[in-house]
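Colleague: The lines below spell out each chain.
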Amino acid sequence: MSHGKGTLAIVVGLAALVACSQPATEQQKTSGTAAPATDSAQTVVHVTGHGTDPGNASICESFRLTDPQAQEFFTKAATITAEQVHDHYDVLPCWVEGTTTKGADKQTWKIRAGGTAEVTAANGDVTYLGCKTCDDILK
Amino acid sequence: MLNADKGKIIDGKITVKIQPNLEHGSLVAVRALVMHQTGGSTAAGALEKYKTKGADGAHFLIDKDGTIYQTAHVNKSTFHVGKLQSRCDNLKSCSPDDATAIQTIMHPKTKKKVPYSKKVKQLHEHEMKKAYPKRYPSNDDSLGIEVVGKPVKGIYEDPTDKQGESVKWLVAGLLDLFSLTTEDVYRHPDISYKDATEAKSVTW
Chain D
1 MSHGKGTLAI VVGLAALVAC SQPATEQQKT SGTAAPATDS AQTVVHVTGH GTDPGNASIC
61 ESFRLTDPQA QEFFTKAATI TAEQVHDHYD VLPCWVEGTT TKGADKQTWK IRAGGTAEVT
121 AANGDVTYLG CKTCDDILK
Chain P
1 MLNADKGKII DGKITVKIQP NLEHGSLVAV RALVMHQTGG STAAGALEKY KTKGADGAHF
61 LIDKDGTIYQ TAHVNKSTFH VGKLQSRCDN LKSCSPDDAT AIQTIMHPKT KKKVPYSKKV
121 KQLHEHEMKK AYPKRYPSND DSLGIEVVGK PVKGIYEDPT DKQGESVKWL VAGLLDLFSL
181 TTEDVYRHPD ISYKDATEAK SVTW
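Here the protein sequences come in this chain order: D and P. When we follow this note's numbering, the leftmost residue of the first sequence carries the number 1, and every step to the right adds one. When we follow this note's numbering, the leftmost residue of the second sequence carries the number 1, and every step to the right adds one.
Don't read these hints as lab results, they were simulated from the structure. It cannot be assumed that every hint is accurate.
[Said to hold, decoys possible] Derived DSSO-like pairs (lysine-lysine); straight-line CA-CA distance at most 27 Å: (1) D:139 <-> P:119; (2) P:168 <-> P:111; (3) P:76 <-> P:113; (4) D:106 <-> P:153; (5) D:76 <-> P:134; (6) D:110 <-> P:51; (7) P:51 <-> D:139; (8) D:132 <-> P:118; (9) P:8 <-> D:110; (10) P:118 <-> P:92; (11) D:132 <-> P:150; (12) P:113 <-> P:92; (13) P:118 <-> P:129; (14) P:8 <-> P:111; (15) P:6 <-> P:168; (16) P:130 <-> P:64; (17) P:111 <-> D:76; (18) D:102 <-> D:76; (19) P:130 <-> P:119; (20) P:111 <-> D:132; (21) D:76 <-> P:112; (22) P:83 <-> P:162; (23) P:113 <-> D:132; (24) P:162 <-> P:64; (25) P:83 <-> D:110; (26) P:92 <-> P:121; (27) P:130 <-> P:150; (28) P:168 <-> P:64; (29) D:110 <-> P:113; (30) P:109 <-> P:92; (31) D:139 <-> P:129; (32) P:109 <-> P:53; (33) P:162 <-> D:132; (34) D:106 <-> P:121; (35) P:153 <-> D:102; (36) P:150 <-> P:13.
Okay, chain D solo, but in the shape it has when bound (with noise of 0.2 Å):
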């Protein structure tokens, strides 16, 4: 099945920071398409600390990511709903969370090692990633 690509502000987010620090390609050059030069803030991911679900979490007690690996997460995720959390992934009872703060904007969020993220926003809304093409960091 097909994810689309968010529209979540955190992966927006990400996303332009991974395009600032990129080199422009000649298509971006010529095109202006690169990242705003207006949104000049960076967005900040941090991990603060990591856990598991009460139960047995054996198969994943061990699960860390470091500041980096939590990007490269973000910048591959894609929003799902929570039925699409439901039918197609598996939500592993161990778990990484952190902060993304971008200028004044602040989300905490939890990643959990089968792929699937929980991010929060100050209202307590809470927003579904999924991915798929994370293993080579998710182990």
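Using the hints, position chain P against chain D.
Modeller: Same frame as chain D, but now just chain P:
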């Protein structure tokens, strides 16, 4: 008391809406029931999703107003469980040989790190070599009941009162029909890798 005729439950309280795309071969036997929540907010949305080829879903769907839909024959397998956790590892009751095999899957002594997705798949395959109830119920030997409901601020919502009544009625009828006990009824995240709050507030 419920009766089944060629896989369809015959009872006025159940609306039969068989979705052929949900059915994936014959069910060996009904040895357990698995309780789910859909992750969505309407039965109509779930029924629409079930029209997709190779769809995931369960045998019954309970709408917010308590309406019970039978969406797959009870003698057909559906994709509703996913990859199994290890029952004996969870209960700390594995035989020494089995415990060693499971530890080798979970914590392989290889130089190259193994993705968690691969470990979960290998553990599932290992568990599927066992018979229920030595392992948790799988798609091959269980019926699934989907209660319409989604997470709100990260936590699955409570079922409505009408849903609660329908769940109790349906579970009692199915336990009787297939000679099962309440010990054979499981919440989805207790046996597979799912959101821990799914079906947590569903009782039977």
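Colleague: With reference to the structure, classify each hint as holding or not holding.
Modeller: Hint check:
Pair hint residue 139 (chain D) plus residue 119 (chain P) holds up; C-alpha atoms about 9 Å apart against a cutoff of 27 Å. Under the criterion of a C-alpha separation no larger than 27 Å, the hint pairing residue 168 (chain P) with residue 111 (chain P) is inconsistent with the structure, at around 51 Å. Distance check on the hinted pair: residue 76 (chain P) and residue 113 (chain P) sit about 38 Å apart at the alpha-carbon level, beyond 27 Å; violated. Between residue 106 (chain D) and residue 153 (chain P) the CA atoms are separated by roughly 17 Å; this keeps the pair inside 27 Å, and the hint holds.
The suggested pairing of residue 76 (chain D) with residue 134 (chain P) is violated, with an alpha-carbon distance near 38 Å, which exceeds 27 Å. A C-alpha spacing of about 33 Å is found between residue 110 (chain D) and residue 51 (chain P), which places the hinted pair above 27 Å, so the restraint is violated. With a C-alpha separation of about 35 Å, the suggested pair residue 51 (chain P) and residue 139 (chain D) falls outside the 27 Å cut-off, and the hint is violated. Pair hint residue 132 (chain D) plus residue 118 (chain P) holds up; C-alpha atoms about 12 Å apart against a cutoff of 27 Å.
With a CA separation close to 42 Å, the supplied pair residue 8 (chain P) and residue 110 (chain D) exceeds the 27 Å bound. Pair hint residue 118 (chain P) plus residue 92 (chain P) holds up; C-alpha atoms about 23 Å apart against a cutoff of 27 Å. Under the criterion of a C-alpha separation no larger than 27 Å, the hint pairing residue 132 (chain D) with residue 150 (chain P) is consistent with the structure, at around 22 Å. Among the hinted pairs, residue 113 (chain P) with residue 92 (chain P) is consistent with the structure: their alpha-carbon atoms are about 26 Å apart, no more than 27 Å.
In summary, the hint linking residue 118 (chain P) to residue 129 (chain P) is supported, as the alpha carbons are separated by about 17 Å, within the 27 Å threshold. Only pairs whose Cα atoms come within 27 Å are accepted, and residue 8 (chain P) paired with residue 111 (chain P) is rejected, the gap being roughly 52 Å. Taken as a hint, the residue 6 (chain P) and residue 168 (chain P) pair is honoured in the structure, with Cα atoms around 24 Å apart against an allowance of 27 Å. Proximity of residue 130 (chain P) to residue 64 (chain P) is assessed by CA-CA distance (about 37 Å); at most 27 Å being required, the pair is judged violated.
Among the hinted pairs, residue 111 (chain P) with residue 76 (chain D) is consistent with the structure: their alpha-carbon atoms are about 26 Å apart, no more than 27 Å. For the hint linking residue 102 (chain D) to residue 76 (chain D), the alpha-carbon distance of about 19 Å falls within 27 Å, and the restraint holds. For the suggested pair residue 130 (chain P) and residue 119 (chain P), the alpha carbons sit about 18 Å apart, so the restraint of at most 27 Å is met. Distance check on the hinted pair: residue 111 (chain P) and residue 132 (chain D) sit about 23 Å apart at the alpha-carbon level, within 27 Å; holds.
Simply put, residue 76 (chain D) and residue 112 (chain P) have alpha-carbon atoms about 22 Å apart, close enough for the 27 Å limit, and the pair holds. Pair hint residue 83 (chain P) plus residue 162 (chain P) does not hold up; C-alpha atoms about 31 Å apart against a cutoff of 27 Å. This hinted pair checks out: residue 113 (chain P) and residue 132 (chain D) have alpha carbons roughly 17 Å apart, not beyond 27 Å. A distance of roughly 7 Å separates the Cα atoms of residue 162 (chain P) and residue 64 (chain P); the hinted pair therefore holds under the 27 Å criterion.
Distance restraint check for residue 83 (chain P) and residue 110 (chain D): the Cα-Cα separation of roughly 22 Å lies within the 27 Å cut-off, and the hinted pair is therefore satisfied. About 20 Å separates the Cα atoms of residue 92 (chain P) and residue 121 (chain P), which keeps this hinted pair within 27 Å; it holds. A distance of roughly 33 Å separates the Cα atoms of residue 130 (chain P) and residue 150 (chain P); the hinted pair therefore is violated under the 27 Å criterion. For the suggested pair residue 168 (chain P) and residue 64 (chain P), the alpha carbons sit about 14 Å apart, so the restraint of at most 27 Å is met.
At roughly 22 Å between alpha-carbon atoms, residue 110 (chain D) and residue 113 (chain P) fall within 27 Å of each other, so this suggested pair holds. Only pairs whose Cα atoms come within 27 Å are accepted, and residue 109 (chain P) paired with residue 92 (chain P) is accepted, the gap being roughly 22 Å. A distance of roughly 25 Å separates the Cα atoms of residue 139 (chain D) and residue 129 (chain P); the hinted pair therefore holds under the 27 Å criterion. Between residue 109 (chain P) and residue 53 (chain P) the CA atoms are separated by roughly 40 Å; this puts the pair beyond 27 Å, and the hint is violated.
Taking the CA atoms of residue 162 (chain P) and residue 132 (chain D), the gap is near 37 Å; set against the 27 Å cutoff, the hint is violated. Only pairs whose Cα atoms come within 27 Å are accepted, and residue 106 (chain D) paired with residue 121 (chain P) is rejected, the gap being roughly 35 Å. Proximity of residue 153 (chain P) to residue 102 (chain D) is assessed by CA-CA distance (about 22 Å); at most 27 Å being required, the pair is judged to hold. Of the pairs offered as hints, the one joining residue 150 (chain P) and residue 13 (chain P) holds, with about 24 Å between alpha carbons and a cut-off of 27 Å not exceeded.
Checked against the numbered hints listed earlier, the structure breaks hints 2, 3, 5, 6, 7, 9, 14, 16, 22, 27, 32, 33, 34; every other hint is satisfied.
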